[in-house]
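Chains as they are written, first to last, in UniProt numbering: chain A, 1 to 399; chain B, 1 to 395.
Hints are not guaranteed to be accurate.
[To be verified] Each computed EDC-like pair below joins lysine to aspartate or glutamate, with the alpha-carbon atoms no more than 16 Å apart:
1. 317(B) x 48(A)
2. 301(B) x 75(A)
3. 160(A) x 109(A)
4. 74(B) x 318(A)
5. 74(B) x 319(A)
6. 79(A) x 376(B)
7. 317(B) x 89(A)
8. 88(B) x 324(A)
9. 371(B) x 395(B)
10. 183(A) x 21(A)
11. 74(B) x 324(A)
12. 323(A) x 78(B)
13. 339(A) x 327(A)
14. 160(A) x 89(A)
15. 317(B) x 83(A)
16. 82(B) x 109(A)
17. 82(B) x 324(A)
18. 88(B) x 111(A)
19. 81(B) x 109(A)
20. 371(B) x 259(B)
21. 2(A) x 21(A)
22. 21(B) x 242(B)
23. 81(B) x 167(B)
24. 209(A) x 177(A)
Honestly, the hints are just simulated from the structure, not real lab data.
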Amino acid sequence: MKFSVNHIRTSGRIGCLTGIDAIAGQTLPTPLLTVYTRGGNVPHITHDVLQMITSENLLMHMPLTTIFTSCTSIESFGKGLSEFVGLKEYPSYVTPQDPAVLTPSGYNEADKVAIWTKNGKRIVDPSRYMAMIESMKPNVYLSLCDGDTDSNSSKKRVSKCVSRSSHLLQECYRLHEASGVLKDSAFLAPIEGGYDTHARRAFLEELSKYDVFGYVLDGLHNNGPEVENIKFISVESIVTECLTHLPKEKLRVIHGAWNPVTLLQLVAAGFDMFDTSLPYLSTERGSAFTFLFNETMLASDQTPKGNSDGLWYEICLEDVSYKEVFEPISKDCECLACKNHTKAYIHHLLTSHELLGRVLLMIHNFHHYLEFFKSIRRAIENDSLDSLIALVQSQSPCT
Amino acid sequence: MSGGNPSALTYRVLGCCSTSKARVGVMKLPHHDVDTPVFMPVGTKGTIKGILPQQLEELNCQIILGNTYHLGTKPGIDTLKKAGGLHKFMNWPRALLTDSGGFQMVSLLELAEITEEGVKFKSPYDGSECMLTPEHSTEIQNAIGADIMMQLDDVVHSTTTGPRVEEAMERTTRWLDRCLEAHSRDHDQTIFPIVQGGLNPTLREQSAHKQIQRDTRGFAIGGLSGGESKDDFWRMVHLSTDILPKNKPRYCMGVGFAEDLVVCCALGVDMYDCVFPTRTARFGCALVDEGQLNLKLVTYKNDFRPIDSECNCSTCKRYTRAYLHSIVTSETVACHLVSVHNIAYQMRLMLRIRTSIMEDKYPSFVKSFMKTRYNDGCYPSWVVDALNAVGIALD
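All chains should be modelled from the sequences, with the hints used to inform the complete structure.
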């Protein structure tokens, strides 16, 4: 796999991933939205429904926490993760932790990391991790690491994460280099150090020893819905510190369910890869995205934004006010849910605890986010990301 | 009165088995032409377990079922009226059938009491006393707008005996007349009368004879699949189809196990419904000719075959038993995938039945099907007896 940066703008950068096994001859444009999966499937979405949502090439993000319990099956299957989960046309990307679920804090030990599976906690060391990675043969993966820090972490906690992660990285890197099976898999290194600039700088120093495919800025949060509340300003200095010290030609990844404004600011700062944990979380709470990200949407839009819970980028269709609204979530939306179904029907499904409700929400939210990322790439291409940020920011109440 | 209008339902027999009573037909309904014998998946609340209408069309479902009691409670009749009926509300372009709501009331609500006027029950929501009359059931079903609706019948538990059975049978006919009288959309909706009479052959025959005096476009056999012995079950179906007119479709309510479908088709039944295929999917059970696979079992952990290599559904073409096993208890996708397969299984079974009837090879299809299903050769006696009654002898 190859990563190349095509344009660096005042805000954001455009690039692409090429030479990916599963999609020979085709490219994945960056900033790229990797697709959050659970147990190897897009939540609520079967392969045939995925084909109704998009024909784009997609990189499937498979958190180890959600596939851990099938590792022995994947190993005896022998053909790798993507094919095991029935998505062999899609390249896969494995990380140890799950961006959509809060990672319980304080369970990592010695040179091992706690992985919270559906059957409870499992403790994983680098050799076990790399053995699993070898059987999964992902196209991209992140080294085992300890990112158990957030803005409240103590100095002691930060220094523990840094020393543990550098050891884990050293071991995983060594095993990666020695592995024949993984010679075509792209290896990503974490950047740890919480909100401590000095710790970050020290870790970056350490990273210069390794020739890796790219970097994941880790340790800013413990995943889950809390990430939605993080404002860019509170991560800005760490982000800037890290990005300035990274080689420009390497892939930069950041995970988490950032709200659309923070996400855009991270794009502007120069990240290349994100995930769809936000569309998933929104779906799980019965909500549909309604934020606007281009002038056409703005011109034709009349619907009031946001819901009573104060999340400005979505409406909660469980709310009784949608009981008899026989209109799509968004009139201009081209997704299967909006083309075929009304808010009233989705409200009925959600309040009747029918599975199809979440299927339709996930279709809409996923489609909305894919389109959002197309707009983002177009804006960077035209060097107009700042006006896109202003447009999205104007819909947020905290501006 | 019903009967005259050709647009609401026309049924034509296309081919018959020369041995048994099995037949193939086409039932033209306002929203779709339905090939019979047909299995109708149940979409209780205006949806079938996480499956999109587009997927149901892909699966070749021509008619699905909605439950009047559930829909009348939620989203409610006012909302359905405003939406323009259930077809529009759920965006299902093909045919629909609704039940009367009576069966659910009697089975779900402990406090239901049946009087000549209707079914009296306490609302599970606010405890107030409500009454579902034949007129009310008809009105709700007219608002839902399904192609086929069912009369409100007086349902007694299938193992009930004594004068109550006769009373229910007689009342069912009186209620039929009230339903037909109240029916306001005879031009595009058809009411099916229901043959009752419990497990008493004389009462069943009487009921069938009474019901066919009403000139309706199709008939149902009700009050079965409620825990009675299979031996009683098939006899009641057999004698009902002997009386029901040959030029009208016959619907046996609540039947959906594969062996039951194969037997009842031989007895001359054209339509079936059952929650079983989709309900069992939710618990990780996949249907195959041999019976079912419980994908939760650790046996499937390293089984990299599809559920059924003969099946060409989207699940079997792509997913292995091992993968389904890995997500069966944790991901809704597992439920969707198994539901798709199970519906595909039912659809393919009905297609195989129709094809073999058209080729006049139904008896040999039945024999080979039963051989696969009971591979130890121990056929249940009711299957043997029922098939014998229509001239099919299992080896």
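Verification of the supplied hints:
With a C-alpha separation of about 11 Å, the suggested pairing of residue 317(B) with residue 48(A) holds against the 16 Å cut-off. Among the hinted pairs, residue 301(B) with residue 75(A) is consistent with the structure: their alpha-carbon atoms are about 11 Å apart, no more than 16 Å. Taking the CA atoms of residue 160(A) and residue 109(A), the gap is about 10 Å. The hint holds against a cut of 16 Å. At roughly 14 Å between alpha-carbon atoms, residue 74(B) and residue 318(A) fall within 16 Å of each other, so this suggested pair holds.
A C-alpha spacing of about 15 Å is found between residue 74(B) and residue 319(A), which places the hinted pair at or below 16 Å, so the restraint holds. For the suggested pair residue 79(A) and residue 376(B), the alpha carbons sit about 37 Å apart, so the restraint of at most 16 Å is broken. Distance check on the hinted pair: residue 317(B) and residue 89(A) sit about 14 Å apart at the alpha-carbon level, within 16 Å; holds. Under the criterion of a C-alpha separation no larger than 16 Å, the hint pairing residue 88(B) with residue 324(A) is consistent with the structure, at around 13 Å.
A distance of roughly 9 Å separates the Cα atoms of residue 371(B) and residue 395(B); the hinted pair therefore holds under the 16 Å criterion. Note on residue 183(A) and residue 21(A): the hinted pairing holds, with a Cα-Cα distance of about 12 Å set against a maximum of 16 Å. As the CA atoms of residue 74(B) and residue 324(A) are separated by approximately 12 Å, the hinted pair is consistent with the 16 Å bound. Of the supplied pair hints, the one linking residue 323(A) and residue 78(B) holds, its CA atoms being roughly 11 Å apart against a limit of 16 Å.
Restraint check for residue 339(A) and residue 327(A): satisfied, since their Cα atoms lie roughly 10 Å apart, inside the 16 Å limit. Straight-line distance between C-alpha atoms of residue 160(A) and residue 89(A) comes to about 40 Å, which puts the hinted pair past the 16 Å bound. In summary, the hint linking residue 317(B) to residue 83(A) is supported, as the alpha carbons are separated by about 13 Å, within the 16 Å threshold. For the hint linking residue 82(B) to residue 109(A), the alpha-carbon distance of about 60 Å lies beyond 16 Å, and the restraint is violated.
About 8 Å separates the Cα atoms of residue 82(B) and residue 324(A), which keeps this hinted pair within 16 Å; it holds. Using a Cα cut-off of 16 Å, the hinted pair residue 88(B) and residue 111(A) is violated, with the two alpha carbons roughly 59 Å apart. Using a Cα cut-off of 16 Å, the hinted pair residue 81(B) and residue 109(A) is violated, with the two alpha carbons roughly 61 Å apart. In summary, the hint linking residue 371(B) to residue 259(B) is supported, as the alpha carbons are separated by about 11 Å, within the 16 Å threshold.
Between the alpha carbons of residue 2(A) and residue 21(A) the distance comes to roughly 11 Å, so the proposed pair stays at or under 16 Å and holds. Only pairs whose Cα atoms come within 16 Å are accepted, and residue 21(B) paired with residue 242(B) is accepted, the gap being roughly 9 Å. A hinted pair counts as satisfied when its Cα atoms are at most 16 Å apart, and residue 81(B) with residue 167(B) does not qualify at roughly 35 Å. Restraint check for residue 209(A) and residue 177(A): satisfied, since their Cα atoms lie roughly 13 Å apart, inside the 16 Å limit.
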